[in-house]
Amino acid sequence: MAKTSPMQWIAALAFLAVAIAAPFFMPNNMSQLVDLMVFILIALSWDMLGGQMGYNSFGNILFFGIGMYLVASTQVWMGGYELAEYNSAKGGNLESFTVTAPIFVQSLIIGLLAAAILNFVIGLIVGSQLLQTRGHYFAVGTLGLGVAAGEFAGTMDFLGGGSGMNFIQPPDGVNLTQLLYFLGLGVVAIFFVFLTWLHRTRFGFVMNAIRDNEDKAEAMGLPTGRVKTFAWAIAAAFAAIAGGLYGAGKNFIDPTEVAFSLPTVGVWMLLMPLMGGKGTLWGPILGAVMFQLFKEFFWTYLFGWQRVALGLLIVIIVVFFPNGLMGGLKAISSRLSGKSGKGEAA
Amino acid sequence: MKHALFAGAVTLASAALAFGASAETITLGAAVSQSGKYSTNGMHTINGYNMAVELINARGGIKVGGKTYKLAVKYYDDESTPARGAELAERLIKQDGIKFLLGPYSSGLTKAIAPVTEKYGVPMVEANGASRSLFTNGYKYLFAVLSTSEQYLASAVALAAEMAQAEGRDPATLKLAGAFENDPFSQDIRAGVLDDAKKFGMQIVVDDKLPKNLSDMTPTMTKVKALKPDLFVVSGHSKGAATATRQMAEQNVYVPMVAMTHCDSADIIGKFGKAAEGILCAAQWAPSLTYRDDLFGSAADFAKAFKEKYGYAPPYQAAESAAAVEVFANAFERAGSLDQAKVRDALAATDMQTFYGNIKFDKTGKNIAKPMVLFQVQDGQLKVVAPTKWAEAKVVYPRKRN
Numbered sequence: 001m002a003k004t005s006p007m008q009w010i011a012a013l014a015f016l017a018v019a020i021a022a023p024f025f026m027p028n029n030m031s032q033l034v035d036l037m038v039f040i041l042i043a044l045s046w047d048m049l050g051g052q053m054g055y056n057s058f059g060n061i062l063f064f065g066i067g068m069y070l071v072a073s074t075q076v077w078m079g080g081y082e083l084a085e086y087n088s089a090k091g092g093n094l095e096s097f098t099v100t101a102p103i104f105v106q107s108l109i110i111g112l113l114a115a116a117i118l119n120f121v122i123g124l125i126v127g128s129q130l131l132q133t134r135g136h137y138f139a140v141g142t143l144g145l146g147v148a149a150g151e152f153a154g155t156m157d158f159l160g161g162g163s164g165m166n167f168i169q170p171p172d173g174v175n176l177t178q179l180l181y182f183l184g185l186g187v188v189a190i191f192f193v194f195l196t197w198l199h200r201t202r203f204g205f206v207m208n209a210i211r212d213n214e215d216k217a218e219a220m221g222l223p224t225g226r227v228k229t230f231a232w233a234i235a236a237a238f239a240a241i242a243g244g245l246y247g248a249g250k251n252f253i254d255p256t257e258v259a260f261s262l263p264t265v266g267v268w269m270l271l272m273p274l275m276g277g278k279g280t281l282w283g284p285i286l287g288a289v290m291f292q293l294f295k296e297f298f299w300t301y302l303f304g305w306q307r308v309a310l311g312l313l314i315v316i317i318v319v320f321f322p323n324g325l326m327g328g329l330k331a332i333s334s335r336l337s338g339k340s341g342k343g344e345a346a
Numbered sequence: 347m348k349h350a351l352f353a354g355a356v357t358l359a360s361a362a363l364a365f366g367a368s369a370e371t372i373t374l375g376a377a378v379s380q381s382g383k384y385s386t387n388g389m390h391t392i393n394g395y396n397m398a399v400e401l402i403n404a405r406g407g408i409k410v411g412g413k414t415y416k417l418a419v420k421y422y423d424d425e426s427t428p429a430r431g432a433e434l435a436e437r438l439i440k441q442d443g444i445k446f447l448l449g450p451y452s453s454g455l456t457k458a459i460a461p462v463t464e465k466y467g468v469p470m471v472e473a474n475g476a477s478r479s480l481f482t483n484g485y486k487y488l489f490a491v492l493s494t495s496e497q498y499l500a501s502a503v504a505l506a507a508e509m510a511q512a513e514g515r516d517p518a519t520l521k522l523a524g525a526f527e528n529d530p531f532s533q534d535i536r537a538g539v540l541d542d543a544k545k546f547g548m549q550i551v552v553d554d555k556l557p558k559n560l561s562d563m564t565p566t567m568t569k570v571k572a573l574k575p576d577l578f579v580v581s582g583h584s585k586g587a588a589t590a591t592r593q594m595a596e597q598n599v600y601v602p603m604v605a606m607t608h609c610d611s612a613d614i615i616g617k618f619g620k621a622a623e624g625i626l627c628a629a630q631w632a633p634s635l636t637y638r639d640d641l642f643g644s645a646a647d648f649a650k651a652f653k654e655k656y657g658y659a660p661p662y663q664a665a666e667s668a669a670a671v672e673v674f675a676n677a678f679e680r681a682g683s684l685d686q687a688k689v690r691d692a693l694a695a696t697d698m699q700t701f702y703g704n705i706k707f708d709k710t711g712k713n714i715a716k717p718m719v720l721f722q723v724q725d726g727q728l729k730v731v732a733p734t735k736w737a738e739a740k741v742v743y744p745r746k747r748n
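Here the protein sequences come in this chain order: R and S.
Under our numbering, the first residue of the first sequence carries the number 1, and numbering increases by one thereafter.
Under our numbering, the first residue of the second sequence carries the number 347, and numbering increases by one thereafter.
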């Protein structure tokens with residue numbers, strides 16, 4: 001990665017300023033804004049492997065879903081309730097499972113941290129095995145992860161099984177969407193700074209070397225296995241946080257349709273970097289913003305055809321901007337300034 | 347800087363999403379599945395809502411506090427996923443300024459939406475979320491016109507016991523096989539069936555959880571074939587009913603009594619003909635029931651009008667949806683105001699008869715005034731066989747071998 005230009009820092013600060021101001025300008029769109037933060041997180045997280053390292057994973061939804069269940073469970077535990085009892089309250093009375101506002105906020109944050117740590121470990125374990133495969137084999141291998149996890153969670157009665165699980169209701173005095181939004185924004189900021197730093201380290205260079213030519217990298221004596229596994233574990237931690245935030249926002253977990261939902265979030269998380277430009281720092285962010293914006297727009301104005309429109313848009317982007325929006329922007333700007341755009345890829 | 351501009355554009359563009367409702371109309375909001383696995387039942391739901399809304403408007407609308415209003419419904423497609431449903435409820439309330447909601451299709455979607463309506467104090471009358479778990483959360487703004495899920499197949503289990511006794515057999519010797527989709531609704535059905543079976547001391551020989559969107563249940567069929575139960579219970583929405591009916595015939599599985607949910611909306615008679623013969627179907631409503639109201643007339647009148655308009659006989663999903671609109675209209679008039687809290691109180695005090703059945707809510711918001719009915723497929727027709735008050739035919743037991 002080239003040095004970070006002042007332009008990029010200005011852009012980052014501007015983005016941050018707009019993001020902080022957004023809830024005050026559009027208080028009625030809070031749940032869409034929370035989703036946007038979640039999408040940025042998972043897009044960046046997916047891009048660590050898919051973009052920077054050339055390993056296309058369909059399995060990151062695994063961490064997303066586990067994170068969601070963990071955050072929900074932590075909130076129940078810290079509220080002083082038994083998980084199995086809480087979830088069997090189908091016949092009981094969820095109304096009696098209440099928590100105070102401080103406990104609610106603390107348990108949410110601790111839940112997110114716990115989800116990040118645990119999924120980091122799961123990422124290490126799963127990654128150490130799966131990342132020994134490459135290319136299509138890796139992609140297909142990861143495809144099974146989310147599907148299996150969804151079915152598995154559906155059999156766990158203490159997690160509510162196929163009936164799903166409700167998050168604990170936020171007590172009065174907690175503005176849930178605002179809380180989730182700023183938590184999400186905070187994590188996005190941390191992740192962004194972390195990635196900016198990471199790509200300037202040796203670790204980051206090895207990641208790119210693996211993408212460009214893994215055999216050569218290995219022959220040079222680079223620790224490819226270790227880098228791959230740790231990169232995935234880091235991505236897993238952030239995907240888990242995204243899952244926790246998303247679930248808390250939706251308030252209800254269905255094992256296959258909310259937590260481990262491959263056809264929706266599981267696919268979106270790789271579409272967004274593709275749209276924005278994978279393998280770049282801003283690409284996934286731009287992709288997530290664009291995706292959420294177009295999704296909601298098509299939804300509002302092309303009702304009934306929203307999926308078709310979104311699909312067409314994706315086809316257009318892939319065909320005309322194979323490097324995503326970032327790639328397109330770079331090509332244009334380098335043509336304008338007469339320079340070649342090379343050396344900026346990372 | 348481009349990025350900053352872009353992010354700014356996000357702010358502006360999304361702010362433009364909101365728009366308001368017109369003055370002389372009460373707009374109800376509804377997120378209903380128009381795509382995805384619930385799209386068929388979602389269509390029945392929407393047709394039911396529209397039917398009632400159009401008729402009410404054609405009769406001059408509703409009078410609220412001396413002013414006359416027309417009704418309208420703003421629909422969104424929840425794509426059959428709970429995450430989308432919750433999001434849309436929020437959108438209807440916060441962005442579109444909708445003050446009253448009609449329910450979605452299915453318990454899962456209702457479960458996802460109810461916390462949202464509760465949070466904003468928006469009254470919701472729903473017609474298609476039957477899971478018991480909806481009514482144990484202390485929700486104050488949720489009202490359901492339908493009977494809850496544990497009642498769906500209880501009558502079938504009782505019927506099996508009754509038939510056994512008539513044959514001089516102890517119901518405790520009966521073997522029961524069950525296959526239930528792994529979703530909130532069917533798992534509730536399962537809980538109800540197992541409770542009832544336990545009451546009679548029946549032996550449960552198969553108890554399968556089936557994946558969602560099920561199109562194959564061969565493993566269950568193999569077990570049922572080998573273990574020869576006396577009663578086979580299936581619950582898996584329309585798709586489950588169709589799959590079970592088809593595969594029982596294909597794989598030559600015979601059980602003397604078979605009971606299901608959703609066989610009318612799955613149209614098992616039209617699709618599978620003779621294979622459907624003798625199957626028992628739990629239903630919320632039947633056109634032959636003797637309820638009536640001023641808007642639609644009798645249950646049979648509703649069925650006729652519906653068929654003329656939409657070209658197919660109304661499954662109960664359409665009937666209960668139409669009833670939900672009637673309940674709202676009735677509550678608006680009694681409340682004499684469009685204040686959400688007042689309408690909520692009026693809804694809680696509802697005590698009326700509709701073509702769909704009597705409606706009176708208990709304090710958890712579920713309708714306690716209407717029983718379920720049990721159909722049986724007899725000579726290619728759905729005939730009510732229980733409860734006895736409305737029975738059009740005697741139950742055929744054991745069902746004929748094909």
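A few of these clues could be false.
Claimed, not checked - Quick list of in silico lysine-lysine cross-link-like pairs, DSS-like style, CA-CA up to 30 Å: (1) Lys617/S with Lys383/S; (2) Lys465/S with Lys295/R; (3) Lys740/S with Lys544/S; (4) Lys688/S with Lys383/S; (5) Lys585/S with Lys650/S; (6) Lys295/R with Lys383/S; (7) Lys729/S with Lys383/S; (8) Lys486/S with Lys709/S; (9) Lys420/S with Lys295/R; (10) Lys383/S with Lys409/S; (11) Lys740/S with Lys650/S; (12) Lys295/R with Lys445/S; (13) Lys295/R with Lys729/S; (14) Lys585/S with Lys420/S; (15) Lys585/S with Lys620/S.
Hints listed in this document are in silico derivations from the structure and should not be mistaken for laboratory results.
Tested hints:
Using a Cα cut-off of 30 Å, the hinted pair lysine 617/S and lysine 383/S holds, with the two alpha carbons roughly 18 Å apart. Between lysine 465/S and lysine 295/R the CA atoms are separated by roughly 26 Å; this keeps the pair inside 30 Å, and the hint holds. For the hint linking lysine 740/S to lysine 544/S, the alpha-carbon distance of about 26 Å falls within 30 Å, and the restraint holds. With a C-alpha separation of about 36 Å, the suggested pair lysine 688/S and lysine 383/S falls outside the 30 Å cut-off, and the hint is violated.
Only pairs whose Cα atoms come within 30 Å are accepted, and lysine 585/S paired with lysine 650/S is accepted, the gap being roughly 26 Å. For the hint pairing lysine 295/R with lysine 383/S, the CA-to-CA distance comes to about 21 Å; that is within 30 Å, so the pair holds. Restraint check for lysine 729/S and lysine 383/S: satisfied, since their Cα atoms lie roughly 28 Å apart, inside the 30 Å limit. Proximity of lysine 486/S to lysine 709/S is assessed by CA-CA distance (about 8 Å); at most 30 Å being required, the pair is judged to hold.
Proximity of lysine 420/S to lysine 295/R is assessed by CA-CA distance (about 19 Å); at most 30 Å being required, the pair is judged to hold. Note on lysine 383/S and lysine 409/S: the hinted pairing is violated, with a Cα-Cα distance of about 38 Å set against a maximum of 30 Å. A threshold of 30 Å between alpha carbons decides the hint, and for lysine 740/S with lysine 650/S the separation of about 25 Å falls inside it, so the pair holds. Taken as a hint, the lysine 295/R and lysine 445/S pair is honoured in the structure, with Cα atoms around 25 Å apart against an allowance of 30 Å.
Distance hint between lysine 295/R and lysine 729/S is unfulfilled; the C-alpha atoms sit about 47 Å from each other, more than 30 Å. Restraint check for lysine 585/S and lysine 420/S: the C-alpha separation of about 28 Å stays at or below 30 Å, so the hint holds. For the hint pairing lysine 585/S with lysine 620/S, the CA-to-CA distance comes to about 18 Å; that is within 30 Å, so the pair holds.
Of the numbered hints listed earlier, those contradicted by the structure are 4, 10 and 13.
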